[in-house]
Amino acid sequence: MKILTTVQNGILHILLDGEIDEYSAATARHQTDRKIDECPPCDKAYIDLANVTFMDSTGIGFLIGRYKKLQRLGIKLYVVNPNPAADKILSLAGIYTLIPKA
Amino acid sequence: MKNYMKLEIAAISENESFARSAVAAFALNLNPSLSELSDIKTAVSEAVTNCIVHAYKGKRSPENKIFIDCRAEAEQGEGVLHIDVTDFGCGIENLDEAMQPFFTTLSPNERAGMGFTIMQAFTNSFSARSVKGEGTTISMIKKIGAGGKEELNA
Ligand SMILES: Nc1ncnc2c1ncn2[C@@H]1O[C@H](COP(=O)(O)OP(=O)(O)OP(=O)(O)O)[C@@H](O)[C@H]1O
Ligand SMILES: [Mg+2]
Numbered sequence: 001m002k003i004l005t006t007v008q009n010g011i012l013h014i015l016l017d018g019e020i021d022e023y024s025a026a027t028a029r030h031q032t033d034r035k036i037d038e039c040p041p042c043d044k045a046y047i048d049l050a051n052v053t054f055m056d057s058t059g060i061g062f063l064i065g066r067y068k069k070l071q072r073l074g075i076k077l078y079v080v081n082p083n084p085a086a087d088k089i090l091s092l093a094g095i096y097t098l099i100p101k102a
Numbered sequence: 001m002k003n004y005m006k007l008e009i010a011a012i013s014e015n016e017s018f019a020r021s022a023v024a025a026f027a028l029n030l031n032p033s034l035s036e037l038s039d040i041k042t043a044v045s046e047a048v049t050n051c052i053v054h055a056y057k058g059k060r061s062p063e064n065k066i067f068i069d070c071r072a073e074a075e076q077g078e079g080v081l082h083i084d085v086t087d088f089g090c091g092i093e094n095l096d097e098a099m100q101p102f103f104t105t106l107s108p109n110e111r112a113g114m115g116f117t118i119m120q121a122f123t124n125s126f127s128a129r130s131v132k133g134e135g136t137t138i139s140m141i142k143k144i145g146a147g148g149k150e151e152l153n154a
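Those protein sequence lines, which keep their order, are chains G and E. Each residue of the first sequence is one higher than the last, beginning at 1 in the working numbering. Each residue of the second sequence is one higher than the last, beginning at 1 in the working numbering.
Hint data in this document are derived by calculation from the structure and do not stem from the laboratory. Heads up, a few of these hints could be off.
Said to hold, decoys possible - Within a straight-line C-alpha distance of at most 27 Å, the following computed DSS-like cross-link-like pairs (lysine-lysine) qualify:
(1) K2/G <-> K76/G
(2) K76/G <-> K35/G
(3) K143/E <-> K88/G
(4) K69/G <-> K2/G
(5) K57/E <-> K68/G
(6) K57/E <-> K69/G
(7) K44/G <-> K101/G
Please construct the entire structure, taking both the sequences and the accompanying hints into account.
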């Protein structure tokens, strides 16, 4: 799991690359949270799943965890570019009501 | 065609990717579509993750093992894949409660409680047997339909 972040016009872009499962989740959580802590003031954050090749319920937990952290900081979270498989489990879990697709 | 595969793995998260890929590779003989393959991987990943984090509580002991039994049957292009995932961990006291969407016994801050819901939604048949203190077996059946054949012939 690789994580790349950029900040543009008050938006924090978090690009995830790889598979999100129990094995990779600890690193993904740790690295993403560090990037969130280090980032300049933002109103929005996008988690880009374009390069996420696999994701199970651990990935849903990961998104919920980041949503809660960002909410405390007053930053609204969106999901972008889920592949059809990620889209299927995110829809099933009703995640888009909490974290909309942008 | 009747085929089978048995896998015994250490209950450590390094093996998750291997386990779901191995089952998916075994299923290839049934000519699954990409979405059927992805359903199989996700369902296996859920079952295996539960063994690691719940049944054995994340303890990395050599005695903590996961057994994956697969059977494949194909008749006139229609395939059926049976997947059993067994652990000898702590077991589940109340299965009905565990199956509820969003139910989790770990921190709800980092866990969705959606594993069982996903396994049920991504397979054609799902059942669980569990004895507290002895272990759990999850049995799933995935039908491989005409979708796979179309994709292959395209
Ligand atoms: N193999 C198992 N052994 C013991 N307990 C289990 C096992 N599988 C599931 N459970 C129990 O059932 C509950 C629900 O499991 P489920 O997979 O639906 O959610 P979760 O694992 O808690 O969260 P998520 O799968 O979304 O990360 C778990 O919290 C756990 O208490
Ligand atoms: Mg689970």
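Evaluation of the provided hints:
| no. | hint | in the structure |
| --- | --- | --- |
| 1 | K2/G <-> K76/G | holds, 23 Å |
| 2 | K76/G <-> K35/G | holds, 16 Å |
| 3 | K143/E <-> K88/G | holds, 18 Å |
| 4 | K69/G <-> K2/G | holds, 20 Å |
| 5 | K57/E <-> K68/G | holds, 25 Å |
| 6 | K57/E <-> K69/G | holds, 25 Å |
| 7 | K44/G <-> K101/G | holds, 13 Å |
The structure fails none of the hints (numbered hints given earlier).
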